[in-house]
Amino acid sequence: MKVVVVESPAKAKTIEKYLGPGHTVLASFGHVRDLPAKDGSVEPDKDFEMHYEMSGRGSKSIADIAGALKGADTLILATDPDREGEAISWHVLEALNKRKLVKDKTVRRVVFNEITKTAVLDAMAHPRDIDMDLVNAQQARRALDYLVGFTLSPVLWRKLPSAKSAGRVQSVALRLICERETEIEAFRAREYWTIAAEFLNKAGQKVSARLFELGGSKLDKFDINTEAAAKAAVTKLQDLAYAVTDVSIKPAKRHPAPPFTTSTLQQEAARKLGFSAQMTMQIAQRLYEGINLGGETTGLISYMRTDGVSMADEAIRSARDVIAEDFGRDAVPESWRVYKTKQKSAQEAHEAIRPTDFRRRPKSLARHLDDVQLKLYELIWVRAMASQMESAELERTTIDIADPARTGMFRASGTVILSPGFLKLYEEGIDDKTGDEEADNRLPKLKTGDPLDRDKITPEQHFTEPPPRYSEASLVRKLEELGIGRPSTYAAILEVLRARNYVTMDSKRFLPEDAGWLAYAFLVCFFEQYFAYDFTAGLEEKLDEIAEHKLEWKQVLADFWQDFSLHADDHSDTALSVKDAVTRIDEKMGRRGDVLDAINKLLDQHFFPPREDGRDPRLCPACNKGSLAIKAGRTGAFIGCSDYPGCSYTRPLSAGGNGHGDIAISGPQELGADPATGQMITLRQGPFGPYVQLGEAEGEGKAKTKPKRASLPKGVTLEDVTLEMALKLLALPRVVGLHPSTGKEIVAGLGRFGPYLLHDGAYTKLKDAMEALEVGINHAVELIAAADARRKGPRKGAQLTILREVGKHPDDGEPVNVIDGRYGPYLKHGATNAPLPRGIETDDVTLEQAVEAIASRAKSGKGGRKKAAPKKASGAKKAAAPKAAKAEAKPKAEAKPKAKKAAPKKKVAARKPAAAKKAAKTDAAA
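The opening residue of the sequence shown carries number 1 in the UniProt record's numbering; numbering runs sequentially from there.
Since the hints were derived computationally from the structure, they do not count as laboratory data.
Don't take every hint at face value.
To be verified - Computed Cβ-Cβ distance ranges for the label pairs, DEER-style:
(1) 722 <-> 429: 41 to 47 Å
(2) 778 <-> 722: 24 to 30 Å
(3) 604 <-> 215: 20 to 26 Å
(4) 763 <-> 121: 56 to 62 Å
(5) 633 <-> 525: 17 to 23 Å
(6) 429 <-> 463: 22 to 28 Å
(7) 215 <-> 449: 32 to 38 Å
(8) 56 <-> 127: 27 to 33 Å
(9) 525 <-> 127: 21 to 27 Å
(10) 525 <-> 70: 54 to 60 Å
Stated by the list, open to error - Mimicking SDA-like on lysine to any residue, the simulated pairs with C-alpha atoms at most 25 Å apart in a straight line are:
(11) 253 <-> 341
(12) 478 <-> 445
(13) 272 <-> 296
(14) 363 <-> 316
(15) 98 <-> 198
(16) 744 <-> 732
(17) 508 <-> 789
(18) 2 <-> 149
(19) 767 <-> 596
(20) 164 <-> 201
(21) 579 <-> 596
(22) 60 <-> 117
(23) 728 <-> 781
(24) 767 <-> 836
(25) 117 <-> 716
Built from N, CA and C at the ideal position, the CB exists for glycine as well.
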């Protein structure tokens with residue numbers, strides 16, 4: 001008997017079917033152990049001793065594996081083929097060794113790149129030992145992240161109250177975002193003009209061209225930078241005779257991109273499908289683990305965490321055969337394409353992401369996949385297919401047009417696709433504002449000396465644009481270019497930045513929030529060398545070298561900790577503990593005021609940009625004496641006047657002022673009376689920004705009632721606030737109307753996470769606060785419908801997808817169905833949900849098997865809401881049970897004395913208030 005351990009339960013069922021009798025396949029459910037988020041998990045002063053802790057889910061997984069091992073002779077660790085997967089196998093083995101369950105067992109490690117029968121059986125035929133170099137590389141990464149986070153975060157909290165934590169790699173990504181925003185803020189647009197012309201040949205065909213030479217000199221971008229200069233140039237060129245002076249035709253080829261790696265998949269899915277990196281990886285995980293195809297769960301793509309761009313020979317042969325079938329033999333190059341990664345150190349030698357079977361065309365899977373799964377599978381399929389197709393053959397044509405005196409020379413260019421090759425199937429997306437350089441701009445056949453009639457010459461005004469903010473695709477690409485992070489980390493990096501409220505998404509672009517600016521400034525001011533791009537990339541290279549057995553992992557940790565803990569001013573041979581390092585760094589940084597001074601200096605241009613009127617941007621608008629600066633309070637950072645307590649002006653952090661214009665409100669400003677109540681509505685300044693208020697507070701002490709208030713939404717200036725807007729803000733949340741399909745209310749409001757619509761328990765995000773004030777019922781219904789279509793899985797009350805009705809339950813005649821669930825098919829009867837019996841597929845399960853599975857699930861108390869079963873008696877209570885039964889059979893008069901023996905029940909009852917009190921105390925602490 002052999003026990004096989006994989007990571008997810010979705011894979012376990014499929015792999016067990018491939019392996020057949022004699023194999024029990026169980027899931028570890030990811031990591032079974034990890035470093036607990038508390039002091040002392042890594043001890044640098046004790047040779048970097050690491051103290052792992054079992055998770056709740058991990059403990060159950062190990063218990064299940066331990067139970068199965070009792071009757072087995074072999075343990076096969078088949079977790080994912082990357083560093084994390086190698087580490088999970090090692091942790092499982094360590095946990096089992098502690099229970100002394102594997103000392104007489106054979107332990108082997110196997111890896112497979114895809115969940116197909118061929119790949120799984122081949123892996124089982126070629127087992128190996130756990131690769132401790134990969135494990136140690138993962139341990140080193142985990143230790144580095146812990147040491148940085150648990151050293152810097154306490155210092156950050158002390159110096160900047162209410163600040164979030166600081167991570168090793170996430171902080172570098174945050175730095176990229178903030179520095180790009182700094183470039184945008186410092187950008188000043190420059191005006192420039194271009195001169196466009198349209199000519200006609202003898203046949204009346206149009207030729208569009210641009211002026212690139214004037215008066216014998218080639219034009220640079222800013223040579224014509226005013227309207228007057230542009231008009232003067234047009235006047236010179238207007239009445240001249242033009243002819244073709246040169247025609248250049250050059251053949252060219254465009255080659256297909258390689259199959260996807262993790263990062264290129266995330267980038268292209270963001271560009272073409274609008275998926276976040278995290279969403280892309282979740283869908284890819286499902287496609288890798290397997291989808292039910294006609295009763296059999298089958299993995300559709302190869303492993304999705306990879307730096308590799310190569311495909312297995314067998315896969316390339318299959319792709320070439322399908323290309324020939326679908327596009328003809330001419331679409332297949334004579335020799336197959338071999339791709340090599342451009343990265344200096346790609347993580348392990350994995351294949352690229354590809355379909356497990358190219359004959360599974362996307363159309364054939366449409367009925368088995370949901371919309372997002374099908375879109376991602378199709379993207380992976382066409383990219384991998386195109387990578388083995390013929391190159392596109394192009395013809396690049398350039399035509400120069402000038403007058404006889406060469407007063408002005410125009411140039412027309414275009415690209416003609418002669419043979420589309422791979423472009424029949426796939427073309428890589430274009431990110432940011434780079435444009436498509438291979439535009440199919442067909443030009444008429446012309447030869448040198450052909451005369452052309454000038455149709456029109458037009459001056460066009462342009463302004464330079466700032467560099468674009470990072471999208472998910474461009475940020476992942478930048479991190480990869482810098483050598484920061486690895487395939488398994490990109491989605492997590494971006495998600496952590498959002499979770500900490502360091503960044504927000506604006507039109508699918510990263511925009512740093514105030515908390516992000518402060519964390520960035522803190523780290524750059526005091527720990528710049530440890531968050532420099534080359535330093536972080538260098539650490540990644542060292543982790544790769546650990547995996548390749550070129551470096552010893554604890555030496556890498558020691559070298560890093562030596563400088564980091566002592567902050568590069570001492571080189572003692574004694575390693576500090578994390579606690580001592582925190583104290584040392586905190587003392588070296590000095591007072592909180594010194595830290596704030598440094599942050600004020602770095603963020604001067606962001607929070608206090610130059611004013612249009614030329615006044616001092618830091619001049620307090622309330623007293624016109626003090627200077628504004630970033631200050632720290634108990635509830636967080638804010639901007640306040642230096643003349644405090646003489647001037648108590650404050651405003652929240654926000655670039656360019658208070659976020660609502662740059663006007664201070666020294667006292668309540670009356671906007672007008674509320675038509676309904678007659679109470680005055682005023683505009684006021686609070687510690688967290690301006691707000692509108694209805695009436696005044698009434699009563700004293702505990703009887704005092706607070707007036708209704710509403711904060712100004714972000715982007716609304718104080719000058720914009722009218723009585724009408726104030727009434728709308730105070731009316732939120734408001735009922736927009738009744739949904740025509742459900743008859744339930746649609747409510748619009750402003751919440752903690754922005755403006756929203758609420759309908760039937762589900763929230764729909766609105767683009768801005770003004771939409772919450774003005775959205776009507778028709779538009780609201782459209783927005784909710786679009787949001788429902790995007791949501792993964794059915795909402796509460798939404799229609800379930802029934803794959804098959806097994807039959808009627810013999811007890812009540814209600815149907816027993818197989819439902820398509822988010823994590824795979826399951827059985828449903830009434831309110832009880834049950835997993836399919838082990839080894840039985842959707843189409844094979846019988847009514848008898850289904851009823852048995854549902855009964856077992858209901859008995860366990862899982863799978864639906866059931867009344868709590870009475871607690872089993874124990875000890876003395878068990879002995880008393882028969883006597884109690886006899887007492888019930890006797891007349892009441894005889895049973896009364898027996899009732900005194902119910903003392904244990906009184907004790908249990910007496911303990912309930914204490915337990916409730918303890919639970920309440922715990923809830924309060926939480």
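Quick rundown of the hints versus the structure:
| no. | hint | result |
| --- | --- | --- |
| 1 | 722 <-> 429: 41 to 47 Å | holds, 44 Å |
| 2 | 778 <-> 722: 24 to 30 Å | holds, 26 Å |
| 3 | 604 <-> 215: 20 to 26 Å | violated, 45 Å |
| 4 | 763 <-> 121: 56 to 62 Å | violated, 47 Å |
| 5 | 633 <-> 525: 17 to 23 Å | holds, 20 Å |
| 6 | 429 <-> 463: 22 to 28 Å | holds, 26 Å |
| 7 | 215 <-> 449: 32 to 38 Å | violated, 23 Å |
| 8 | 56 <-> 127: 27 to 33 Å | holds, 31 Å |
| 9 | 525 <-> 127: 21 to 27 Å | violated, 52 Å |
| 10 | 525 <-> 70: 54 to 60 Å | holds, 58 Å |
| 11 | 253 <-> 341 | holds, 21 Å |
| 12 | 478 <-> 445 | violated, 42 Å |
| 13 | 272 <-> 296 | violated, 31 Å |
| 14 | 363 <-> 316 | holds, 21 Å |
| 15 | 98 <-> 198 | violated, 81 Å |
| 16 | 744 <-> 732 | holds, 18 Å |
| 17 | 508 <-> 789 | holds, 19 Å |
| 18 | 2 <-> 149 | violated, 41 Å |
| 19 | 767 <-> 596 | violated, 34 Å |
| 20 | 164 <-> 201 | violated, 67 Å |
| 21 | 579 <-> 596 | holds, 24 Å |
| 22 | 60 <-> 117 | violated, 28 Å |
| 23 | 728 <-> 781 | holds, 21 Å |
| 24 | 767 <-> 836 | violated, 43 Å |
| 25 | 117 <-> 716 | violated, 60 Å |
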